[in-house]
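Heads up: the sequence lines are chains A and B, in that order. Mapped onto the working numbering, the consecutive letters of the first sequence carry residue numbers 1 to 251. Mapped onto the working numbering, the consecutive letters of the second sequence carry residue numbers 1001 to 1420.
No lab work stands behind these hints: they were computed from the structure. Fair warning: there could be bad hints in the mix.
Taking beta-carbon pairs under 10 Å as the criterion, some of the chain A residues facing chain B (in silico) [to be verified]:
id	residue
1	N57
2	S169
3	F232
Derived pair list, reagent style SDA-like, types lysine to any residue, alpha-carbon separation capped at 20 Å [as the list claims (entries may be wrong)]:
id	chain 1	residue 1	chain 2	residue 2
4	A	K110	B	D1270
5	A	K110	B	T1120
6	A	K110	B	R1128
Some chain A residues flagged as far from chain B (calculated, every beta-carbon gap over 12 Å) [unchecked claim]:
id	residue
7	L34
8	L62
9	T69
10	I117
11	S125
12	G152
13	C166
14	E186
15	E208
16	S216
17	Q234
Bear in mind the structure is a predicted one, so any value in this text is a computation, not a measurement. By construction, the Cβ of each residue, glycine as well, lies at the ideal position given by its N, Cα and C atoms.
Spelled out, the chains give:
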Amino acid sequence: MSTKPDRIIIRLEKVTRIYKVGVESIHALDGIDLQLRRNEYVAVMGPSGSGKSTLMNILGCLDRCTGGTYFLDGRDTTRLGAGGLARIRNTQIGFVFQSFELLGRSSALKNVEMPLIYSREGWWSRRKRAKKMLERVGLGDRIKHRPNQLSGGEKQRVAIARAMVCGPSILLADEPTGNLDSKTSEGILALFDQLHSEGQTIILVTHEESVARHASRIIRMTDGRIFSDMSFEQDRANRASLNGRFGEMSK
Amino acid sequence: MKAILAAPLLFLRLLYQSVYLALGQIWANKTRSVLTTIGIIIGVASVTSVIAALTGLKAKVLSDFESLGTNKIFIIPHWPRTGRFKHFSWRLYRFHPQQFEGLLERCPSVSDYTLMTERTRTIRYGVRSIDGARVYGINPSWHTIENRSVTVGRPFSLNDEQNGWQVCLITPSVRDQLRLDRNCTGKRIVVGERSFRIVGVVDKRVESGMFGQMGASEEVFIPFPTAWKLWDPWVYAIACCRKPGLSEEAKAELRFFLRQTRRLEPGDPDTFRMEVIEEYLKTFNRVAMGITAVAGGVVGISLLVGGVGIMNIMLVSVSERTREIGLRKAVGARPSAILLQFLVEAVVLCLFGGLVGAGVGQMLTTMIAKIPHANLQMAHIPLWALGISFGFAAAVGVFFGMFPAVKAARLDPIEALRHE
Ligand SMILES: Nc1ncnc2c1ncn2[C@@H]1O[C@H](COP(=O)(O)OP(=O)(O)OP(=O)(O)O)[C@@H](O)[C@H]1O
Ligand SMILES: [Mg+2]
Chain A
1 MSTKPDRIII RLEKVTRIYK VGVESIHALD GIDLQLRRNE YVAVMGPSGS GKSTLMNILG
61 CLDRCTGGTY FLDGRDTTRL GAGGLARIRN TQIGFVFQSF ELLGRSSALK NVEMPLIYSR
121 EGWWSRRKRA KKMLERVGLG DRIKHRPNQL SGGEKQRVAI ARAMVCGPSI LLADEPTGNL
181 DSKTSEGILA LFDQLHSEGQ TIILVTHEES VARHASRIIR MTDGRIFSDM SFEQDRANRA
241 SLNGRFGEMS K
Chain B
1001 MKAILAAPLL FLRLLYQSVY LALGQIWANK TRSVLTTIGI IIGVASVTSV IAALTGLKAK
1061 VLSDFESLGT NKIFIIPHWP RTGRFKHFSW RLYRFHPQQF EGLLERCPSV SDYTLMTERT
1121 RTIRYGVRSI DGARVYGINP SWHTIENRSV TVGRPFSLND EQNGWQVCLI TPSVRDQLRL
1181 DRNCTGKRIV VGERSFRIVG VVDKRVESGM FGQMGASEEV FIPFPTAWKL WDPWVYAIAC
1241 CRKPGLSEEA KAELRFFLRQ TRRLEPGDPD TFRMEVIEEY LKTFNRVAMG ITAVAGGVVG
1301 ISLLVGGVGI MNIMLVSVSE RTREIGLRKA VGARPSAILL QFLVEAVVLC LFGGLVGAGV
1361 GQMLTTMIAK IPHANLQMAH IPLWALGISF GFAAAVGVFF GMFPAVKAAR LDPIEALRHE
């Protein structure tokens, strides 16, 4: 990859996502404009129902926006068909879920191998890459274990290995520590930090400031809109002053 | 060049990948997979064994027919109940020996013929007697046509025929029942009211399972002219084609010849009919094919039932694995890959069922062949039946697997991942 590190990798323009439930239409995303550079580490925050997961699904090409355009690596994904999106999900995107989503019957190795089945990867190199990836997330000695033989933190590590095994341009994680205790969460976040330091672009959704602290950029959402998007330091200062004012008002 | 190769290669890759996944899935659910395929196993086993049994039956009947002689033509007087023959007495349309004189010269496709007549008579030797023995009047050519060897003494000769001697051939069973010596030539036995001198013993007729009881095994043969003179009887003839397959020519020649010697006018119907075993054989073959097809088809319905079972389980599997499908899509499986995975799974299940079913069918066939007195010793599964039932099993897999597979391929990844 000879691309410049500050190259824009994600560009959203007026992206909307409208769910129709009966006659009602819910604006889960209501005109999102967003640009992301390579090797950024972004935390998306916001109250429940603000559209964080919806945004992640669209970024991960799991869902299509109902309006606006989404450029990934300079390519307009809204013009792609189901096959094209599948290819992007396979090669460009790694997705980590809150509930791990591992295949219960398969070993850690098989779980990590799975995305490679759908790319042009032979049996042997598949195993090799999956093994290497498991070692990278610190599970070199848990290759044969099944998900029910792994702890929560280990499961999420396997899931991260699976997301990373195809070498994605962005790693998306929707509340990756939501099902984990704070100690285990720190381990997972340390792993994210490590991946970030190795050049990985990461977007994660979280409710916890302690998790968001790891990111370099914080995006805050409400009602399907971005209301604040700044670097971690700016965000902290901003919040401090907000809190201060809020404290005065409450007095 | 690369572009031409790319499409099939891609498909092969996809197929390989699907087979890999499907086998993994089947292996992971061993018990269920086996239970699912029971319908197909039963279907294929019953189709193959029914076809095997019918094939055995057919082979048996054919070989029995063949033992009767396929190139024989039976010529039998026939009374047309119309036209000027309506009021004829049987004496007028029965065969007379002189109507057959010169037959061999005029009918080149016929290698030989014998006149035949038969009666049931009581046979006596001293105090011993056999009731209901079959007595035949035959020409010496009967020996070459029937191909039954004379084990003791000699066959009939032209001399016996021309002199109208009262000589006879007997079967071993007549000899044994009358307690005659092994070499009984020269002894006189009483057939009906007349005394006949034994000149030889002729082998019993070839036992054929199907037609074994066609006639008594107590047979006595006397020269045809003697029989004609004694009984003034009803006569038929057996002609023999020069080669198998010549029966049509032989029949045409015989018809032409007999119409002349029986002085039939051009518009008259035939006063005789001809029957060729070979023709029965052809008809039988057609009927047997029909029966086999119908029976196979009826039993084949059980394969459809098995297919419905497969579809049922595949549907269960799709809804059970909805999250997994969602996940696979999320990590980059195309709809076609999911479709092929489930389709291949259904087909592999069906083929596996077909394989086990064929094995069970072979076992059943072996058992069927051993049923005593059922005349099914020749039961075997023909290759085409194996091919058809395998092809059908695969088709059932594709047909009934398609719906669940399409359902899986159409799943929305997010919806699928939210599935409980
Ligand atoms: N499939 C759907 N059909 C209808 N409405 C939906 C659907 N999915 C989400 N929504 C609605 O869209 C809005 C945004 O949902 P989303 O899941 O993105 O919220 P979120 O920010 O991830 O919340 P949480 O922090 O609780 O996970 C919500 O109001 C939700 O009710
Ligand atoms: Mg959410």
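To see whether the hints hold, each was checked on the structure:
1. N57: Status holds, d = 6 Å.
2. S169: 13 Å, violated
3. F232: 29 Å, violated
4. K110(A) - D1270(B): 84 Å, violated
5. K110(A) - T1120(B): 86 Å, violated
6. K110(A) - R1128(B): 91 Å, violated
7. L34: Nearest chain B Cβ is 20 Å from L34(A), so the label holds.
8. L62: Given that some Cβ of chain B is not farther than 12 Å from that of L62(A), nearest at about 5 Å, it is violated.
9. T69: 20 Å, holds
10. I117: 6 Å, violated
11. S125: For S125(A), whose nearest Cβ neighbour in chain B is about 14 Å away, the distance exceeds 12 Å, so it holds.
12. G152: 18 Å, holds
13. C166: Answer for C166(A): violated, closest chain B Cβ roughly 7 Å.
14. E186: 27 Å, holds
15. E208: Holds: least Cβ distance 23 Å, greater than 12 Å.
16. S216: For S216(A), whose nearest Cβ neighbour in chain B is about 26 Å away, the distance exceeds 12 Å, so it holds.
17. Q234: 33 Å, holds
When held up to the earlier numbered hints, the structure conflicts with 2, 3, 4, 5, 6, 8, 10, 13 and fits the remainder.
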